[in-house]
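**Student:** Produce the entire structure from the sequences given, and follow the hints as far as they go.
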Amino acid sequence: MSDLRELYQEVILDHNKQPRNFHGVDPHDHEADGYNPLCGDKIHLELRLDDGGRIEDIGFNGDGCAISTASASIMTEVVKGKTVDEARSMFDRFHYLVTDESAQPDPSLGKLGVLAGVRDYPMRVKCATLAWHTLQAALENKGEISTE
Amino acid sequence: MSVTRESEALSGHGLDVARIRADFPVLHKPVNGKRLAFLDSGASAQKPQCVIDAERECYESYYANIHRGVYQLSQRSTQAYEGVRPIVQRFIHAADEREIVFVRGATEAINLVAQSFVRPKLNPGDEILITEMEHHANIVPWQMIAEETGAKVVVAPIFDNGELDMAAFRERLTARTRFVSVVHVSNTLGTINPVEEIITLAHERDIPVLVDGAQSAPHMPVDVQAMGADFYCFSAHKTYGPSGVGVLWGKLEHLEAMPPYQGGGDMIRTVSFEKTTYAAPPQRFEAGTPNIAGTIALGTALEYIESVGREAISAHEHGLLEYGMEALAEIDGMRFIGTAEHKAGVISFVLEGAHPHDMGTILDMEGIAVRAGHHCTQPLMTRYGVPATVRASFGMYNDRDDVDQLVGGLRRVKEFFG
Ligand SMILES: Cc1ncc(COP(=O)(O)O)c(C=O)c1O
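Chains A and B, in that order, give the protein sequences. To convert, count from 1 in the first sequence and add 78; that's the working numbering. To convert, count from 1 in the second sequence and add 534; that's the working numbering.
Hints listed in this document are in silico derivations from the structure and should not be mistaken for laboratory results. Only a predicted model underlies this, so the values are computations on that prediction, with no experimental measurement involved. Every residue, glycine too, gets a C-beta built ideally from N, C-alpha and C. Heads up, a few of these hints could be off.
[Unchecked claim] List time: in silico SDA-like cross-link candidates among lysine to any residue, alpha-carbon distance up to 25 Å:
1) B:785 to B:868
2) B:948 to A:96
3) B:568 to B:797
4) A:95 to B:568
5) A:95 to B:868
[What the hints assert, rightly or not] Residues from chain A shown here face chain B by an in silico Cβ test under 10 Å; the list is partial:
6) 85
7) 116
8) 117
9) 143
10) 169
**Tutor:** This is how it looks when you write it as structure tokens:
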């Protein structure tokens with residue numbers, strides 16, 4: 079098992095303490111609620127697409143552990159300005175990064191790389207991916223997802 | 535140091551923790567290179583060697599299906615299996631061993647009573663009274679039958695300290711109340727409920743009572759007759775026995791009047807396609823092949839508990855509770871969830887700035903096993919306005935080193951979430 083510092087990097091602790099884009103988006107055209115029944119993490123996500131199909135604004139609120147809060151916060155930062163397809167493809171690569179033991183660092187993921195340590199803690203992977211599943215649900219107008 | 539501690543344990547509670555610990559193999563296996571501090575017996579207890587041996591011995595030397603074969607192995611298995619009934623009878627002071635029904639666990643016991651005893655009595659508008667501190671296992675089965683019959687589940691509230699509001703409970707016992715189901719010891723708060731008083735109040739109105747003993751059977755003496763309950767249940771895996779086995783105790787007069795819960799082999803007297811007659815209790819409620827070796831090992835587990843002494847276990851765990859509450863209270867930002875005056879060895883808490891799940895992970899790295907979550911008591915989490923808590927729960931094998939390790943682990947949590 080790796081060092082806890084690998085998991086709880088400063089960037090994560092910082093995003094947990096001061097989550098970015100921690101607010102609603104008014105007006106918004108997509109929203110969803112994500113719930114992780116195992117630990118009780120809850121997130122509400124709102125976003126607005128511009129005419130070109132890019133994520134113009136995105137915000138979240140909710141209540142979760144440091145990993146899920148930081149992951150949501152960083153996610154909103156990195157997907158802002160991206161097209162829906164770009165965001166989806168980021169999720170694919172991010173998912174691979176936090177679940178596959180053999181995953182190499184992926185520079186294209188930028189800041190998301192700090193969450194790579196999660197893969198050593200299988201019980202916590204869902205915390206890291208909750209925001210992303212919620213984003214996917216919002217984009218598909220599913221409204222609500224639960225990670226079980 | 536260890537000598538004084540041992541003698542202190544011996545003179546204080548008549549319980550030799552070092553010797554008990556030696557009986558539990560898993561406690562001596564390091565986790566992440568650290569000494570294991572297992573503080574999650576509330577979820578499930580570890581198993582002593584004798585229990586592990588009992589199950590293995592059954593498979594190695596005399597296993598066969600029970601109640602069927604005329605050959606010797608089957609007779610031996612049947613004898614060993616049936617031999618557990620009088621052990622359970624003694625363990626909970628039941629009047630008759632026919633009152634002991636083997637089930638899969640507390641959950642199945644409650645479902646059995648809900649379906650076979652309560653459901654047939656329900657009419658629209660009738661009420662089932664439970665408390666705000668129930669485990670989901672003592673909420674959902676009642677909601678299910680309420681929904682089917684038009685009855686209602688009524689909830690008696692608790693005070694902020696986690697004690698049941700008895701005045702409010704009394705008010706909710708009405709002419710419409712058909713059944714009361716309460717937890718003896720709350721798995722989340724540790725509260726020991728005044729079940730005798732609850733039963734007396736209910737019986738004044740002829741309302742039968744089930745006591746969920748999942749968290750009392752392993753930790754204190756239990757006398758179902760003195761308590762006066764109509765039903766009592768517990769799970770073997772929390773009493774240092776195997777998982778998938780449990781006990782429903784019910785007054786014989788009730789069991790005799792109840793229809794079967796499941797149909798199948800072993801629960802019948804005669805079967806024809808025209809008419810089937812049912813066996814008497816307890817067989818009526820034990821359809822199909824049960825967990826034979828597991829039930830036999832349950833007997834061993836209960837005998838083990840008795841050999842340690844239930845008063846001694848209760849006193850020992852209470853000592854740890856006091857020591858632990860005092861030590862944890864020193865930590866900045868500590869908030870206890872559940873501070874009832876009568877409390878079993880359960881400490882639930884939240885820490886300002888640190889989510890229970892992050893605490894759980896950090897503590898795990900320090901070799902400390904605690905539960906972080908809602909403990910199958912989501913209404914309680916809502917009641918206290920927390921998404922989850924960390925829960926340390928004690929078993930007979932815990933000692934002050936475990937508590938000290940937890941305190942050290944929480945200091946480590948503070949390094950990240952100070
Ligand atoms: C108070 C209480 N009731 C019922 C149960 C359910 O027990 P089981 O899952 O063994 O059926 C538990 C287990 O956590 C419990 O603590």
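**Student:** Could you run down the list of hints and mark each one as holding or not?
**Tutor:** So, going through the hints one by one against the coordinates:
1. A C-alpha spacing of about 44 Å is found between residue 785 of chain B and residue 868 of chain B, which places the hinted pair above 25 Å, so the restraint is violated.
2. At roughly 17 Å between alpha-carbon atoms, residue 948 of chain B and residue 96 of chain A fall within 25 Å of each other, so this suggested pair holds.
3. Restraint check for residue 568 of chain B and residue 797 of chain B: not satisfied, since their Cα atoms lie roughly 49 Å apart, outside the 25 Å limit.
4. Restraint check for residue 95 of chain A and residue 568 of chain B: not satisfied, since their Cα atoms lie roughly 30 Å apart, outside the 25 Å limit.
5. For the proposed pair residue 95 of chain A and residue 868 of chain B, the alpha carbon gap of about 18 Å is at most 25 Å, so the pair holds.
6. A least Cβ separation of about 7 Å between residue 85 of chain A and chain B falls short of the 10 Å threshold, and the interface hint therefore holds.
7. Contact between residue 116 of chain A and chain B, as hinted, is supported at the beta carbon level, the nearest pair being about 7 Å apart and thus within 10 Å.
8. Taken as an interface hint, residue 117 of chain A checks out: its beta carbon lies about 4 Å from the nearest beta carbon of chain B, inside 10 Å.
9. The interface hint given for residue 143 of chain A is met, as the beta carbon of that residue sits about 4 Å from the closest beta carbon of chain B, less than 10 Å.
10. At its closest, the beta carbon of residue 169 of chain A sits 22 Å from a beta carbon of chain B; the interface hint therefore is violated under the 10 Å criterion.
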